[in-house]
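Heads up: the sequence lines are chains A, B, C and D, in that order. All residue numbers in the first sequence are consecutive under the numbering used here, ending with 531. All residue numbers in the second sequence are consecutive under the numbering used here, ending with 531. All residue numbers in the third sequence are consecutive under the numbering used here, ending with 531. All residue numbers in the fourth sequence are consecutive under the numbering used here, ending with 531.
Hint data in this document are derived by calculation from the structure and do not stem from the laboratory. Please note that a few of the clues may not be correct.
Just so you know, same-sequence chains aren't split out, so a pair can sit in one copy or run between any two.
To be verified - Pairs of lysine-lysine, BS3-like flavour, derived with a Cα cap of 30 Å:
#: 1; residue 1: 205; residue 2: 220
#: 2; residue 1: 128; residue 2: 295
#: 3; residue 1: 295; residue 2: 475
#: 4; residue 1: 347; residue 2: 419
#: 5; residue 1: 347; residue 2: 295
Each chain is listed here by its residues.
There are 4 protein chains.
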Amino acid sequence: MSYFSSVPPIRYEGPGSDNPLAFHHYEADRRILGKTMAEHLRLAACYWHTFVWPGSDVFGAGTFERPWQQPGDPMTRAREKADAAFDFFSRLGVPFYTFHDTDVAPEGDSLKDYRNNFAAMTDVLEKKQADTGMKLLWGTANVFSHPRYAAGAATNPQPEVFAYAATQVRHAMEATHRLGGANYVLWGGREGYDTLLNTDLKREREQLGRFFRMVVEHKHKLGFKGTILIEPKPQEPTKHQYDYDSATVYGFLKEFGLENEVKTNLEANHATLAGHSFQHEVATSIALGLFGSIDANRGDPQNGWDTDQFPNSVEEMTLVTYEILKAGGFTTGGFNFDTKVRRQSNAPEDLFHGHIGAIDTLALGLERAAKMIERDTLAEFKARRYAGWDAELGAKILSGGFTLASLADEAMSRDLHPRHVSGNQELLENIVNRYIYG
Amino acid sequence: MSYFSSVPPIRYEGPGSDNPLAFHHYEADRRILGKTMAEHLRLAACYWHTFVWPGSDVFGAGTFERPWQQPGDPMTRAREKADAAFDFFSRLGVPFYTFHDTDVAPEGDSLKDYRNNFAAMTDVLEKKQADTGMKLLWGTANVFSHPRYAAGAATNPQPEVFAYAATQVRHAMEATHRLGGANYVLWGGREGYDTLLNTDLKREREQLGRFFRMVVEHKHKLGFKGTILIEPKPQEPTKHQYDYDSATVYGFLKEFGLENEVKTNLEANHATLAGHSFQHEVATSIALGLFGSIDANRGDPQNGWDTDQFPNSVEEMTLVTYEILKAGGFTTGGFNFDTKVRRQSNAPEDLFHGHIGAIDTLALGLERAAKMIERDTLAEFKARRYAGWDAELGAKILSGGFTLASLADEAMSRDLHPRHVSGNQELLENIVNRYIYG
Amino acid sequence: MSYFSSVPPIRYEGPGSDNPLAFHHYEADRRILGKTMAEHLRLAACYWHTFVWPGSDVFGAGTFERPWQQPGDPMTRAREKADAAFDFFSRLGVPFYTFHDTDVAPEGDSLKDYRNNFAAMTDVLEKKQADTGMKLLWGTANVFSHPRYAAGAATNPQPEVFAYAATQVRHAMEATHRLGGANYVLWGGREGYDTLLNTDLKREREQLGRFFRMVVEHKHKLGFKGTILIEPKPQEPTKHQYDYDSATVYGFLKEFGLENEVKTNLEANHATLAGHSFQHEVATSIALGLFGSIDANRGDPQNGWDTDQFPNSVEEMTLVTYEILKAGGFTTGGFNFDTKVRRQSNAPEDLFHGHIGAIDTLALGLERAAKMIERDTLAEFKARRYAGWDAELGAKILSGGFTLASLADEAMSRDLHPRHVSGNQELLENIVNRYIYG
Amino acid sequence: MSYFSSVPPIRYEGPGSDNPLAFHHYEADRRILGKTMAEHLRLAACYWHTFVWPGSDVFGAGTFERPWQQPGDPMTRAREKADAAFDFFSRLGVPFYTFHDTDVAPEGDSLKDYRNNFAAMTDVLEKKQADTGMKLLWGTANVFSHPRYAAGAATNPQPEVFAYAATQVRHAMEATHRLGGANYVLWGGREGYDTLLNTDLKREREQLGRFFRMVVEHKHKLGFKGTILIEPKPQEPTKHQYDYDSATVYGFLKEFGLENEVKTNLEANHATLAGHSFQHEVATSIALGLFGSIDANRGDPQNGWDTDQFPNSVEEMTLVTYEILKAGGFTTGGFNFDTKVRRQSNAPEDLFHGHIGAIDTLALGLERAAKMIERDTLAEFKARRYAGWDAELGAKILSGGFTLASLADEAMSRDLHPRHVSGNQELLENIVNRYIYG
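Just chain A, with the same shape it has in the complex (with noise of 0.2 Å):
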């Protein structure tokens, strides 16, 4: 019998509704700005919290008790795991999954086992992914959980450890290639340092750059259409990550030539974590032609780790897929839900509680910022205030016509006194809350 039979699929009812497994917001088929909801959204269900984590932290044992997580045949276990995994996607109604190697396969003790255990839940994964429906956002490998990875992967101080990595990333690659995946991941968990007394950034930040290019022309040679993201994160586990943020990635990107090749995958706990709030790295992204995908969750705002909890902030979501929706929207990105319920939210109806809400935060978001779209009066007082930049000084200041010597001349000459003008904060602050509560 099924882990989660006590649970029927997921519907929408509508906000008048008092069941609370069931959608009060998302209504997939429903059309706004000319795509379904789930076009826009193109939501998906992770495995590893979902599906791998026991629910334990750093001062305590799991808590979930789920019955593929107990001791036994690792091969039997994994396809238990996902046959949970799929029926759990399917009774929550999400189009994509996302999964790193070791969440669907057993590591075995060596290479071999790896890669004859993955090629065995590959085979798994497609026949679900067949029967099912479901699709793969992306695929990632895991190259920081095992002990060898202590240090790294790409970084590491040893190339047999970049090694291994590169075969397990060349695996994953070609999974996800397989599965169809829309897209590839890479989290540079332990890419970074514990400490700089024992760190050559310089080696290290070639050995990344080095990595990075290996697997873009992997891509390519492969066929795989999809994109390569890369997943910033500033911190945890290590002191220091070298994909800090949005524009630590876009400058390393640059120095390796591969800012055309590798977009971002923007988790909102690691925005935060950053020093950004979470919009700030969607419009930063964008802003630098970066901006991919999305792992949607939400941090806390008291606590300075990942909680990964499942994102309820509606007044944030509106804010970010406002950017997005200015932005075209995903192409091949979705919103993914790496998240996790609470230690102590360990029954298998909190799984799809997490899910629902979190589902229901992004359709609210997705409808108040087609909204605010509609009649977009945020972008009219943006091209207002900043109109004397397509005017004759602004344009000619930008299209080289002055020196700094010959513009200060001029500014003496006209005997400038630019007066500040209100940025109206306040009022703009109020005109988002009246989309959104109006």
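Mind docking chains B, C and D on chain A? Use the hints.
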């Protein structure tokens, strides 16, 4: 009579001296690693915090009551301020100073006033330099304090404000050039945003890139041989500043092709506000080829704003100075005290105490760092740790000898089982402490 | 002509109105849970941020140029300021205001000047109140801005400064009493330290305890029926402030036997600076029997200082208002806007936009919180969750029926195997969102 | 053969020694201020981080592979672990150790198992103590790791969990008593909340107060002469913990009348997570009469979680030790190393490097702090600074000789004009550095 007449010129008296108005560790002419302490540290005191700021904060009025800050004819006061500043610099015995245009000369009511006042005060400074032997580490323009800059200077929505700032920067660069300045600094105090709701990130980046380009071209046209420096800061007074940290500045410079023209002026307190250790920012700028100069101060680890306190941790400065010495030391840069006495420290002597403690801290840091380099155990450790990258497998990977697939095949055929080797962080930390306290 | 003449009195026009200078949700007379919105919220606007602050920050001069802030005879300007303030309050339509002594009257050059100026301005305020119907939510004394208070007021190392502060507080209390104030507030802006090196914690605690005691006794002697409130803040401008948060204030009051005499005035931005959510501080003060009043504002989650922005999160204010309503609502307290427009928002209308958005946010929060209480699913959930504590074992434990040993014996003899029951956090979060967005 | 056989007993070899496996500053028998270093510092090593933790973190598996952590009969492994632990303690040469009940004995499957296993291992520990001369600084019970404690122990919504925890605490107290422990510690790792939505703050406070009361009564019943200690921590793993910091604990103890029965065990990393300097927490506990013992470690200033690193800042520990010495030094408390080697430091020697560095850091801190006290310039400064409070006006205020009104009258009649006197923070900071580096 001098405001500082109670303070005799500060001399080196050695660690045993009980005189608080003496150096206990900084001996300008003492040679370390082939250069004098003065040549290594290139110490500078700043104009703004010490001679312009009245001791106010957001919650209270100025406590300092400096004579030159009293009401009166602005140019007379500016001359009195210059007298006090050079009197202070000379008594303190640092070789360099630094200033903003509006620190030294009144802005007046128009660009013409500005130009004339600043020109007159540049004459005064030139004469002061000749009289005292003081040199200019760098000059800069204050394009953030006047209300016209409330929405930024180069990134302002009004091109007239950009033009106004360009005028100030032009004159500040030319004054710096005339005064023999070793560098020219750009700090984007309000180049950022308070809210994304009224901000066009893409436009503002373009404007800022154009501004930097004009500055670099003007430098070459002037024949100024000093370095153009950008000072990263993540926020404050803005919510977000575009020059967040070294890695962000690097990406920005790469985007506009300026990475060989501009270097960083790193401030300790800005590093920590950005979520980095000071050592990290220095090491990162060095690894990116961007390292230029230092604003030596410290923040308060418990306070989330720029406290600009005097550096007093030998433990921290030893590591920072080690990085700088390993990278060849300063060229045009130096240690500038972008520091202020506490608002409660309103006695004239307090200005000396702050600087003396900071200078002794840097001197101790230099001495300890030099010991670390004389027998460079850390470098030996790192060489051993990364040795694999200089051997066959590593070298072949780095030189492009493998594709992802061929490297995976190699790993598989060798049946690699790399094992983590201890990074010995605690041992290395102990070694550093033995250099400091041994 | 009025500075605010461009702004008509603000009226409720409903969610459908496009008029930004109207309330969309705040309908003063609308009844909710038996009281009008106005009676529930007890809204107050403050004097200092809106009429005293010139729009300066640490890095720049004032941008606001209010007429009453121009140079001139201080008492004339104070009267003009009062005209502007009451004009603003009336147009805005809030029932209450709040002030510091030095906001409304010039300090002058001596205590006599202070007393006379303040007495004259209290007459002005009294007449203004009579003319407009405005009421005073609370008064307070500014004993932190003048240089004499650089090292604190009650905790100053000089008893003369304590005496000076006592004089101000006495007069501010008496003015508050005369003006019918509902509360009197103590904010210890500099009651803390910049460094422990020059601070005697024990002495300063004693001094502060003595001060509070004198204030409480004076209240009773005056016959003032309002509440004495302490406003916790963890830091800024000091490194550490003694009134760190609610729990700290509770300990302090217990030490000096004042826990039944004083309550808290909680500020959202102070809560977050102390590492707490705003809801936490409200819930904690309520649990400790300390809850008094609110300074409604918000901080910036990415900035480490007191930004005093207008509240605009309905999601946050719903939870806060739910706590307050559950505890019986305000008695003498209210929601005071200790908020300032951004320095860039220098138009007169911006002052209205800020307050209107905040008021609508509180109105929405009240409406949603009232729905939460009408059918209080959270309370039902908690009642079930803790039911064991009302049953035999729990009740016996709490009433002292067991010693540690006898309870252990009981557990052993029953061979207890308690199992964790899900806390259903995600479900509860969804329920809250359905109250807000359902 | 011993796991640590490569490491000879650690001896004092002096600052000149190049041997990393020796003390360079800690000389156990050296007398300072009338006591030996060993008597002052009362050093303890802990069981959990060093012998229980496998080197895992949230993102990765254990890297340590200690023999006693391998699969096997739990009691056999527990005995091997005790062998390794006392071998380590003895080679290291610290006089004290600390443990949780479940560190030393397997929990088993029932309370009876627990009791029996723990009793058997207490016998083992007793014998080990006799054989090695090691003493117990404190014992404690782990009532936070098992899934049953996911929602807290004393503050759990189920009284059965409270009863289970009471059983463990009872046995841990009795074992501590039997083993001659100098203290008993309570750490409320999950006494707090993850969300206020499912939490009844008032009930949970009552439960916790009742628990503490039972513990204190049991201590007296047992005749245990040691000190009951509470260890404040603000958060992690919970969102918020009730024992936030010293000031919060003080209020809690006052509420339940326990302020003379319980003291604090202060941890450096918990202090910084709470937004305080470590020195602040020590000074505050001392000022409140709560100071008991220290968990000596450090956090990472850039990481927002408990990193439990070994203390290595002499600058910080000098100030902390100065506070402790001024307060009379430890009575029953000591410096316990609640510290762990980095996950990357998986060599047996790393455990020694970590502790050796920490011990030398404390020894240097002690030596420097003792110098500060021998000629106590800071105390002299403070005495002068607060002298007015010992003179007429100050003494009269403090002794209740004034009402607010009569003090205001006095101030007015004297026409007081107090002026701020410099706090000389920079001078004092320099003085401290001269004690450290002079």
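Consistency of the hints with the structure:
no., hint, verdict
1, 205 - 220, "within (23 Å within a copy, 49 Å between copies)"
2, 128 - 295, "between (46 Å within a copy, 27 Å between copies)"
3, 295 - 475, "between (41 Å within a copy, 12 Å between copies)"
4, 347 - 419, "both (25 Å within a copy, 26 Å between copies)"
5, 347 - 295, "both (16 Å within a copy, 17 Å between copies)"
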